[in-house]
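Enquirer: Please model the complete structure; the sequences and the hints are all you need to start from.
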Amino acid sequence: MASTRASSSPRPRRLRLGAALLAAALFVPTAACQRDKAKTGTAEQGGTTTVSANNLGQPGADGAYDIDSKDILARTKTAASVDVKHVLLGWDKLSDVYGPQMDPRAKGRDNKAAATLALDLAGKLKAKPAAIDELIKQHGEDPGAKAGDPYTVTADAPFVPEFKNLALRLEANEVGIVKTRFGYHVMVRVPPPPPDPLESADILARPAGTEKVWVQHVLVSWQDAPITKRRPPDPRAAARTKADADKLAQDLLAKARAEGADMVALMKEHSEDPGSKNDGKAYDVGPDTPFVPEFKNLALRLNLGEAGLVKTSFGWHIIKRIPPPPPPPPDSLDSVDILGRQPVTEKAKVKHILLGWAEVNAGDDRGKKRTRAELEALVGKTMASLKKGAKIEPLMKELSEDPGSAASGNSYDVDPNAGLVAPFKDLSLRLNVGEVGAVKIQFGIHIIQRTE
Numbered sequence: 006m007a008s009t010r011a012s013s014s015p016r017p018r019r020l021r022l023g024a025a026l027l028a029a030a031l032f033v034p035t036a037a038c039q040r041d042k043a044k045t046g047t048a049e050q051g052g053t054t055t056v057s058a059n060n061l062g063q064p065g066a067d068g069a070y071d072i073d074s075k076d077i078l079a080r081t082k083t084a085a086s087v088d089v090k091h092v093l094l095g096w097d098k099l100s101d102v103y104g105p106q107m108d109p110r111a112k113g114r115d116n117k118a119a120a121t122l123a124l125d126l127a128g129k130l131k132a133k134p135a136a137i138d139e140l141i142k143q144h145g146e147d148p149g150a151k152a153g154d155p156y157t158v159t160a161d162a163p164f165v166p167e168f169k170n171l172a173l174r175l176e177a178n179e180v181g182i183v184k185t186r187f188g189y190h191v192m193v194r195v196p197p198p199p200p201d202p203l204e205s206a207d208i209l210a211r212p213a214g215t216e217k218v219w220v221q222h223v224l225v226s227w228q229d230a231p232i233t234k235r236r237p238p239d240p241r242a243a244a245r246t247k248a249d250a251d252k253l254a255q256d257l258l259a260k261a262r263a264e265g266a267d268m269v270a271l272m273k274e275h276s277e278d279p280g281s282k283n284d285g286k287a288y289d290v291g292p293d294t295p296f297v298p299e300f301k302n303l304a305l306r307l308n309l310g311e312a313g314l315v316k317t318s319f320g321w322h323i324i325k326r327i328p329p330p331p332p333p334p335p336d337s338l339d340s341v342d343i344l345g346r347q348p349v350t351e352k353a354k355v356k357h358i359l360l361g362w363a364e365v366n367a368g369d370d371r372g373k374k375r376t377r378a379e380l381e382a383l384v385g386k387t388m389a390s391l392k393k394g395a396k397i398e399p400l401m402k403e404l405s406e407d408p409g410s411a412a413s414g415n416s417y418d419v420d421p422n423a424g425l426v427a428p429f430k431d432l433s434l435r436l437n438v439g440e441v442g443a444v445k446i447q448f449g450i451h452i453i454q455r456t457e
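If you count by this note's numbering, then the sequence shown holds residues 6 to 457, one letter each, in order.
Derived by calculation from the structure, the hints in this document are not laboratory data. Please note: incorrect hints may appear among the correct ones.
Using 35 Å as the maximum straight-line C-alpha spacing, the simulated DSBU-like pairs for lysine-lysine come out as follows [what the hints assert, rightly or not]:
| # | residue 1 | residue 2 |
| --- | --- | --- |
| 1 | K393 | K445 |
| 2 | K247 | K142 |
| 3 | K82 | K352 |
| 4 | K396 | K98 |
| 5 | K98 | K286 |
| 6 | K402 | K445 |
| 7 | K352 | K386 |
| 8 | K445 | K386 |
| 9 | K112 | K217 |
| 10 | K402 | K374 |
| 11 | K252 | K142 |
| 12 | K117 | K133 |
| 13 | K402 | K392 |
| 14 | K151 | K112 |
| 15 | K373 | K402 |
| 16 | K117 | K142 |
| 17 | K112 | K133 |
| 18 | K98 | K75 |
| 19 | K354 | K396 |
| 20 | K273 | K217 |
| 21 | K352 | K392 |
| 22 | K82 | K129 |
| 23 | K273 | K252 |
| 24 | K352 | K286 |
Computed Cβ-Cβ distance ranges for the label pairs, DEER-style [unchecked claim]:
| # | residue 1 | residue 2 | range |
| --- | --- | --- | --- |
| 25 | G385 | P166 | 31 to 41 Å |
| 26 | K112 | A270 | 46 to 56 Å |
| 27 | D249 | D370 | 18 to 28 Å |
| 28 | G310 | K112 | 48 to 58 Å |
| 29 | K402 | A427 | 21 to 31 Å |
| 30 | K402 | T350 | 49 to 59 Å |
| 31 | G385 | R211 | 48 to 58 Å |
| 32 | K98 | K273 | 46 to 56 Å |
Don't be surprised by glycine CBs; every beta carbon is placed ideally from N, CA and C.
Expert: Dropping the structure here:
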């Protein structure tokens with residue numbers, strides 16, 4: 006599912022807090038749990054010092070007031086999965102984070118005003134948690150939250166760590182505050198939405214599998230599905246009511262379950278997932294794969310050859326489990342000698358350069374115009390420079406087509422469960438420190454250097 010999984014960076018996309026709160030780019034927690042003892046309009050700090058709108062204390066070294074809900078963040082008990090809503094409040098000094106997308110209200114607000122407003126909103130929410138939707142409409146600066154749909158947060162979800170740390174420690178209807186590089190988040194844990202009666206409840210009631218599975222799916226949406234509040238719908242969905250989508254989803258489920266069903270044909274004719282509809286692509290799903298939870302919950306409970314139906318904010322998913330596909334042949338530029346090794350580490354920090362060509366690219370104009378022969382020459386030249394000791398950061402800035410790291414020179418932290426595409430992880434964990442290798446993914450060739 007392109008909208009929840011793959012992006013032009015090695016990190017899959019997931020349902021997101023706007024685009025802002027993702028750790029990188031869709032896809033993803035016994036001590037006693039104390040309730041917040043702070044009074045309305047306050048957030049208890051470490052159990053001893055209380056801040057309020059009238060008593061913010063002193064700003065920290067970064068110039069921002071510390072109003073985090075430290076009592077909640079100190080808990081060791083975390084939930085496996087929670088649904089939360091939040092009000093995001095920025096301030097003027099965060100313009101480097103947001104650039105031209107910064108909310109005008111944040112531009113005209115200093116940190117003290119943001120902290121004061123955050124504490125005031127937290128007080129209102131503690132008195133009436135159900136007021137969250139109205140407060141989001143009035144004050145929220147996360148475009149993705151304004152649709153009114155909660156964010157489902159799990160331990161492996163690729164949200165920024167501070168946001169996730171608070172969310173997984175909140176009790177039902179509890180309110181907390183946490184600061185991230187995007188601003189203050191006034192957050193409340195809300196009940197999960199009720200299941201749709203058309204969903205495959207019998208399958209979803211089973212225990213989840215623990216091994217990776219491969220699935221194909223047909224996505225069918227409708228004109229006012231939650232995702233349409235964040236981006237324009239597929240033209241077919243724009244003309245379809247929820248009732249129409251319900252009927253079509255049931256019809257497609259019956260076809261997917263029929264003997265000899267051709268899922269690829271069904272996907273090409275009906276699916277609205279741009280990441281798989283044209284080629285019948287199968288997705289590999291494991292317990293730690295950062296798909297939207299509902300999709301993953303059904304996929305991991307299907308028997309081989311079985312099909313089921315589940316609803317997400319994207320629409321209806323008719324999902325069928327298939328046998329593992331044969332691995333694709335290696336690209337001629339792949340570092341097959343390195344990929345043939347056993348992993349040399351469980352944790353690596355890497356930097357990379359993404360290069361595409363006309364047939365395989367991330368949408369960068371340079372990649373679109375480059376021939377395969379030109380790509381091969383450029384990869385060879387770049388890897389030779391790195392192996393001779395050239396610094397990777399200037400080459401990233403000059404050449405890389407990954408918008409998430411090219412200009413910044415940022416590194417990626419890689420471990421077996423990281424929300425990164427498999428080939429990128431496979432190579433990264435086999436590199437020795439300082440070593441350089443190359444591997445192909447669906448957006449081009451990654452030249453990867455392990456830095457730590």
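Enquirer: Each hint should be assessed against the structure and marked as holding or not.
Expert: Evaluated hints:
1. Distance restraint check for K393 and K445: the Cα-Cα separation of roughly 23 Å lies within the 35 Å cut-off, and the hinted pair is therefore satisfied.
2. Between the alpha carbons of K247 and K142 the distance comes to roughly 25 Å, so the proposed pair stays at or under 35 Å and holds.
3. Of the pairs offered as hints, the one joining K82 and K352 holds, with about 26 Å between alpha carbons and a cut-off of 35 Å not exceeded.
4. Pair hint K396 plus K98 holds up; C-alpha atoms about 31 Å apart against a cutoff of 35 Å.
5. Only pairs whose Cα atoms come within 35 Å are accepted, and K98 paired with K286 is rejected, the gap being roughly 44 Å.
6. For the suggested pair K402 and K445, the alpha carbons sit about 20 Å apart, so the restraint of at most 35 Å is met.
7. Between K352 and K386, the direct Cα distance comes to roughly 28 Å. Compliance with the 35 Å bound is thereby established for this hinted pair.
8. With a C-alpha separation of about 17 Å, the suggested pairing of K445 with K386 holds against the 35 Å cut-off.
9. Restraint check: the Cα-Cα separation between K112 and K217 comes to about 46 Å, which exceeds 35 Å; the hinted pair is violated.
10. Distance check on the hinted pair: K402 and K374 sit about 19 Å apart at the alpha-carbon level, within 35 Å; holds.
11. As the CA atoms of K252 and K142 are separated by approximately 33 Å, the hinted pair is consistent with the 35 Å bound.
12. Note on K117 and K133: the hinted pairing holds, with a Cα-Cα distance of about 24 Å set against a maximum of 35 Å.
13. With a CA separation close to 18 Å, the supplied pair K402 and K392 stays within the 35 Å bound.
14. Simply put, K151 and K112 have alpha-carbon atoms about 19 Å apart, close enough for the 35 Å limit, and the pair holds.
15. Annotation: proposed proximity of K373 to K402 holds, straight-line Cα distance about 18 Å (limit 35 Å).
16. Straight-line distance between C-alpha atoms of K117 and K142 comes to about 22 Å, which keeps the hinted pair within the 35 Å bound.
17. The hinted pair formed by K112 and K133 meets the criterion: a straight-line CA distance of about 29 Å does not exceed 35 Å.
18. The suggested pairing of K98 with K75 holds, with an alpha-carbon distance near 24 Å, which does not exceed 35 Å.
19. Taking the CA atoms of K354 and K396, the gap is about 15 Å. The hint holds against a cut of 35 Å.
20. Annotation: proposed proximity of K273 to K217 holds, straight-line Cα distance about 25 Å (limit 35 Å).
21. Among the hinted pairs, K352 with K392 is consistent with the structure: their alpha-carbon atoms are about 22 Å apart, no more than 35 Å.
22. Our distance criterion of 35 Å between C-alpha atoms is met by K82 and K129, whose separation comes to about 26 Å.
23. Between K273 and K252 the alpha-carbon distance is near 19 Å, which keeps this suggested pair within the 35 Å criterion.
24. With a C-alpha separation of about 29 Å, the suggested pair K352 and K286 falls inside the 35 Å cut-off, and the hint holds.
25. Restraint check, G385 to P166: a C-beta distance of roughly 38 Å satisfies the suggested window 31 to 41 Å.
26. Hint check: K112 to A270, Cβ distance near 51 Å, so the stated range 46 to 56 Å holds.
27. A hinted range of 18 to 28 Å for the beta carbons of D249 and D370 is inconsistent with their spacing of about 39 Å.
28. A C-beta distance of roughly 55 Å is found between G310 and K112, which places it inside the suggested range of 48 to 58 Å.
29. In this structure the supplied range 21 to 31 Å holds for K402 paired with A427, their Cβ-Cβ distance being about 27 Å.
30. Restraint check, K402 to T350: a C-beta distance of roughly 27 Å breaks the suggested window 49 to 59 Å.
31. Evaluation of the 48 to 58 Å hint for G385 and R211 yields a pass: the beta carbon distance comes to about 50 Å.
32. Look at K98 against K273: about 49 Å separates their beta carbons, and that is inside 46 to 56 Å.
Going through the hint list in order, the structure does not satisfy hints 5, 9, 27 and 30.
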